[in-house]
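Asker: Now for the letters of each chain:
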Amino acid sequence: MRYIDEFRDPHLARKLLANIRTRSTQPVCFMEFCGGHTHAIFRHGLRQMLPPTVELRSGPGCPVCVTANGDLDHAIALARLPGVILATFGDMLRVPGSRGSLQTAKAEGADVRVVYSTLDALQIARDHPERAVVFLGIGFETTAPTVAASVLEAEAGSLDNFYVLSLHKLTPPATRAILDEGEVRLSGIIGPGHVTTVIGSDAWEFLPRDYSVPCAVAGFEPLDILRAVAALVEMAEDGQPAVVNAYSRGVRPEGNRTALGIMQRVFEVGEADWRGLGRVPASGLVLRPKYASFDAALAFPVDPGPTREHKGCRCGDVLRGTVEPPDCPLFHRVCTPAHPIGPCMVSAEGACAAW
Amino acid sequence: MFDKILLVHGSGGQLSHELVEHLFLKYFDNPILARMDDAAVIGETRFFGKNLVSGKLAFTTDSYVVSPIFFPGGDIGKLAVCGTVNDLAMSGATPLYLSTGFILEEGLELADLERVVASMAATAQAAGVQIVTGDTKVVDHGKADKLFINTAGIGMVPVGVEPGSDQAQPGDVVILSGTVGDHGMTIMSQREGLRFDSPLVSDCAPLSGLVATMLDALSSLSTPLSSPKAIHCLRDPTRGGLATALNEVAGKSRVGIEIEEHAVPVRDAVRAACELLGLDPLYVANEGKLVAFVAPAAADAVLATMRTHEYGREATIIGQVMAEHAGRVVLRTAMGARRILDMLVGEQLPRIC
Amino acid sequence: MCLAIPTLITSIEGTTARAEIGGVERTISLALTPEARVGDYVLIHTGFAIGVLDEEEAQETLRLFEELAEFYPDETETSQPTESTNFPTYQ
Numbered sequence: 023m024r025y026i027d028e029f030r031d032p033h034l035a036r037k038l039l040a041n042i043r044t045r046s047t048q049p050v051c052f053m054e055f056c057g058g059h060t061h062a063i064f065r066h067g068l069r070q071m072l073p074p075t076v077e078l079r080s081g082p083g084c085p086v087c088v089t090a091n092g093d094l095d096h097a098i099a100l101a102r103l104p105g106v107i108l109a110t111f112g113d114m115l116r117v118p119g120s121r122g123s124l125q126t127a128k129a130e131g132a133d134v135r136v137v138y139s140t141l142d143a144l145q146i147a148r149d150h151p152e153r154a155v156v157f158l159g160i161g162f163e164t165t166a167p168t169v170a171a172s173v174l175e176a177e178a179g180s181l182d183n184f185y186v187l188s189l190h191k192l193t194p195p196a197t198r199a200i201l202d203e204g205e206v207r208l209s210g211i212i213g214p215g216h217v218t219t220v221i222g223s224d225a226w227e228f229l230p231r232d233y234s235v236p237c238a239v240a241g242f243e244p245l246d247i248l249r250a251v252a253a254l255v256e257m258a259e260d261g262q263p264a265v266v267n268a269y270s271r272g273v274r275p276e277g278n279r280t281a282l283g284i285m286q287r288v289f290e291v292g293e294a295d296w297r298g299l300g301r302v303p304a305s306g307l308v309l310r311p312k313y314a315s316f317d318a319a320l321a322f323p324v325d326p327g328p329t330r331e332h333k334g335c336r337c338g339d340v341l342r343g344t345v346e347p348p349d350c351p352l353f354h355r356v357c358t359p360a361h362p363i364g365p366c367m368v369s370a371e372g373a374c375a376a377w
Numbered sequence: 067m068f069d070k071i072l073l074v075h076g077s078g079g080q081l082s083h084e085l086v087e088h089l090f091l092k093y094f095d096n097p098i099l100a101r102m103d104d105a106a107v108i109g110e111t112r113f114f115g116k117n118l119v120s121g122k123l124a125f126t127t128d129s130y131v132v133s134p135i136f137f138p139g140g141d142i143g144k145l146a147v148c149g150t151v152n153d154l155a156m157s158g159a160t161p162l163y164l165s166t167g168f169i170l171e172e173g174l175e176l177a178d179l180e181r182v183v184a185s186m187a188a189t190a191q192a193a194g195v196q197i198v199t200g201d202t203k204v205v206d207h208g209k210a211d212k213l214f215i216n217t218a219g220i221g222m223v224p225v226g227v228e229p230g231s232d233q234a235q236p237g238d239v240v241i242l243s244g245t246v247g248d249h250g251m252t253i254m255s256q257r258e259g260l261r262f263d264s265p266l267v268s269d270c271a272p273l274s275g276l277v278a279t280m281l282d283a284l285s286s287l288s289t290p291l292s293s294p295k296a297i298h299c300l301r302d303p304t305r306g307g308l309a310t311a312l313n314e315v316a317g318k319s320r321v322g323i324e325i326e327e328h329a330v331p332v333r334d335a336v337r338a339a340c341e342l343l344g345l346d347p348l349y350v351a352n353e354g355k356l357v358a359f360v361a362p363a364a365a366d367a368v369l370a371t372m373r374t375h376e377y378g379r380e381a382t383i384i385g386q387v388m389a390e391h392a393g394r395v396v397l398r399t400a401m402g403a404r405r406i407l408d409m410l411v412g413e414q415l416p417r418i419c
Numbered sequence: 493m494c495l496a497i498p499t500l501i502t503s504i505e506g507t508t509a510r511a512e513i514g515g516v517e518r519t520i521s522l523a524l525t526p527e528a529r530v531g532d533y534v535l536i537h538t539g540f541a542i543g544v545l546d547e548e549e550a551q552e553t554l555r556l557f558e559e560l561a562e563f564y565p566d567e568t569e570t571s572q573p574t575e576s577t578n579f580p581t582y583q
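Residue numbers (the numbering used here), protein chains in the order written: chain A, 23 to 377; chain B, 67 to 419; chain C, 493 to 583.
None of these hints come from the bench; they were simulated from the model.
Glycine is no exception: its CB is placed at the ideal position from the N, C-alpha and C atoms.
Hints may contain errors.
When the alpha-carbon atoms are kept at most 27 Å apart in a straight line, the in silico BS3-like pairs for lysine-lysine are as follows [to be verified]:
(1) A/Lys128 with B/Lys212
(2) B/Lys209 with A/Lys128
(3) B/Lys70 with B/Lys203
(4) B/Lys92 with B/Lys70
To be clear about the criterion: a stretch of chain C counts as covered by chain A if any three or more of its residues have a C-beta under 8 Å from a C-beta of chain A, and this derived list gives those stretches [said to hold, decoys possible]:
(5) 513-522
(6) 530-544
Which chain A residues face chain B? A few, computed with CB under 8 Å, are given here [as the list claims (entries may be wrong)]:
(7) Pro32
(8) His66
(9) Gly67
(10) Met71
(11) Pro85
(12) Phe111
(13) Asp113
(14) Val136
(15) Gly161
(16) Thr165
(17) Pro244
All chains should be modelled from the sequences, with the hints used to inform the complete structure.
Answerer: Shown next as structure tokens:
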């Protein structure tokens, strides 16, 4: 597979590791913001290959994990409404809310359907004009433009039974929130490659500028990740924080203007509830008033019931990078992949599941 | 003749009999079934030159509810025969007789049912089994997804053949009969909501012939180290994929297993489809593959034999069994690092992250 | 987050295209990358192309890796660079 296999060359990986090992003299801690990186690092076994001086911590870059219980409860309540088809990406199906997951709701009769794309959800809406299709909008700046484009397509086709529950979140504000909390001393950030395809590497300049923290934007193949780690080691060793675009084949300084434009046409910035970070101002996306007719929250007022967090669940702390999965009292005792208590264990890229 | 299944077809009356006569008997044509007794009474005591009385009886059952019922490479009927035949074969048994129970949804197209039944007959013939008894019920429209099939099968395990999930031993060579992920990704690609076009084909196949070939080859070798007993374990990696099957053996045999990622054969199209949906081929279902745990002295002979068979042409060694990390399966990644390959929990779902 | 896979555009019709990888084809939307052309590789995320891959940059990156590979001789755990001051740089 072109653009994939070349970036999985084990021979070149060993060279990058040799470079990292040679250059790394002081202990450093880098945050891989993005859940996709957590997953890739686990899948290829990269953590074990790095020298002991380089520590990687997972951040809140898994849209599944950072979805607050209250928001998930809201989605589940919508799914339970008669006449509603809730379309969702597979990632969210098994995440436990306050009282069960979308999957348990499905077992109890709710019409919940897994889709690969919002385009499939649009098709379901066209096929079932008598039902309301609510799309559960999770994801960061990579996904939000695709949902925005779907809203525009629905508008253009006068589709009046398609709705979006927007739980989309923005990554730079979350990164700021973590650094502002100052709980973890970070020597660098591995920037999320595909989010940055959309927002552009310039969007991360605030890291070296306001926090003196270097950032290396990384792709998702092993060589991409290792290259980013090597660049961060170099910048940490030299004390020269900057933004390095280590995914130059997929990222430009200005990002994807078309995608950003579409996203901004349909959504505006609002506050959002992040598991682990609480309410973060200007960190989420809400549908603009012009598109209010597509807003599931407005079209279907529901009371999801009181929000309950499971006692002892430390997903929030894991997401902020302040603890590692084994530090959570529930890890592997009560909370296992078969019986997850919190989303970190459910998500394919949740830190706990990957550990 | 009607062109759709009606509730009355399941009531046991005239129309039920017509359905059996004109459809099931026509395709599953054999003397035992033709007697149409309440039970199939099997009087033979010798099969394929082997004495039934001195061997062990193997008995298994499975139900099939796959949707869509027709897919590239097979259909629910072929699956129903292969699945049960393969479960018997993995126990070292020669599969002999199958029963089949149908639960049909009112409104099912008769042409579709006929296609499924014809496929079952053809598959049974290829696998060397007879379908000797069956049942049909019809349920209201909406109470079954077109049709559900249950098959139960009996087979005979010859003396001296005793593979088992708890029999793997440190030093055993792990041999995989071919590419993984084909069946599961083929089904995925057909599902509403996913919609992609691919050259993917299910690998659904009866493996009794392959297993017989492997056991016979070992019997015919006269070295003291080679006998059918050298095959310690046979598993078909169906639901949950290769990783789950390996974990089951590691757990039951209380051994560790180490697999080389690069040694596991995966078709390009399967790899590509998995990348697109964020799935891992090691956890995707297979319906025509087996994993064999073989004593090292017999490994080369078994591998060479497998490669002579239609369903073992791409057979390859993928790893080995060890005493360390008992109960766990470890994957040595293409990068050279080691990581734990866990059991699959729940269903692998397409992801966006 | 954000599984996005490089695929080859094989045909375009309006704002949709056929994209191919490893013999698997899918219809995708070019709504976010109207500049994509047949023959381009695009990153596909949930059925949409989110960016066009830059072939030159890809080759440049691989060239950088090859350069680095020469700098570190084939050893196992204890690789030492041939010169201690002139490290290849990523910036």
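Asker: State for each hint whether it applies.
Answerer: Results for each hint:
Distance check on the hinted pair: A/Lys128 and B/Lys212 sit about 21 Å apart at the alpha-carbon level, within 27 Å; holds. A distance of roughly 17 Å separates the Cα atoms of B/Lys209 and A/Lys128; the hinted pair therefore holds under the 27 Å criterion. Restraint check for B/Lys70 and B/Lys203: satisfied, since their Cα atoms lie roughly 14 Å apart, inside the 27 Å limit. For the suggested pair B/Lys92 and B/Lys70, the alpha carbons sit about 18 Å apart, so the restraint of at most 27 Å is met.
Residues of the region 513-522 of chain C with a Cβ under 8 Å from some Cβ of chain A number 3, which satisfies the need for three, so the listed coverage holds. By the rule of at least three residues with a Cβ nearer than 8 Å to a Cβ of chain A, the coverage given for the region 530-544 of chain C holds, with 8 such residues. At its closest, the beta carbon of A/Pro32 sits 5 Å from a beta carbon of chain B; the interface hint therefore holds under the 8 Å criterion. Interface hint status for A/His66: upheld, as the beta-carbon distance to the closest one in chain B is roughly 5 Å, under 8 Å.
Evaluation of the A/Gly67 hint against chain B yields a held restraint, the C-beta minimum of about 3 Å falling below 8 Å. A cut of 8 Å between beta carbons decides the hint on A/Met71: the least distance to chain B is about 5 Å, and the hint holds. Because the smallest distance between the Cβ of A/Pro85 and any Cβ of chain B comes to about 6 Å, under 8 Å, the interface hint for this residue holds. The interface hint given for A/Phe111 holds, since its Cβ lies 5 Å from the closest Cβ of chain B, which is under the 8 Å cut-off.
With 8 Å as the threshold, the beta carbon of A/Asp113 comes within range of chain B, its nearest partner Cβ sitting at about 5 Å, so the hint holds. For A/Val136, the interface hint holds, since its Cβ comes within 8 Å of a Cβ in chain B; the closest pair sits about 6 Å apart. Restraint check, A/Gly161 versus chain B: the minimum CB separation of about 6 Å is within 8 Å; hint holds. About 6 Å separates the beta-carbon of A/Thr165 from the nearest beta-carbon of chain B, less than 8 Å, and the hint is met.
At about 6 Å, the closest approach between the beta carbon of A/Pro244 and any beta carbon in chain B falls short of 8 Å, and the interface hint on this residue holds.
The structure is consistent with each of the numbered hints, conforming to all of them.
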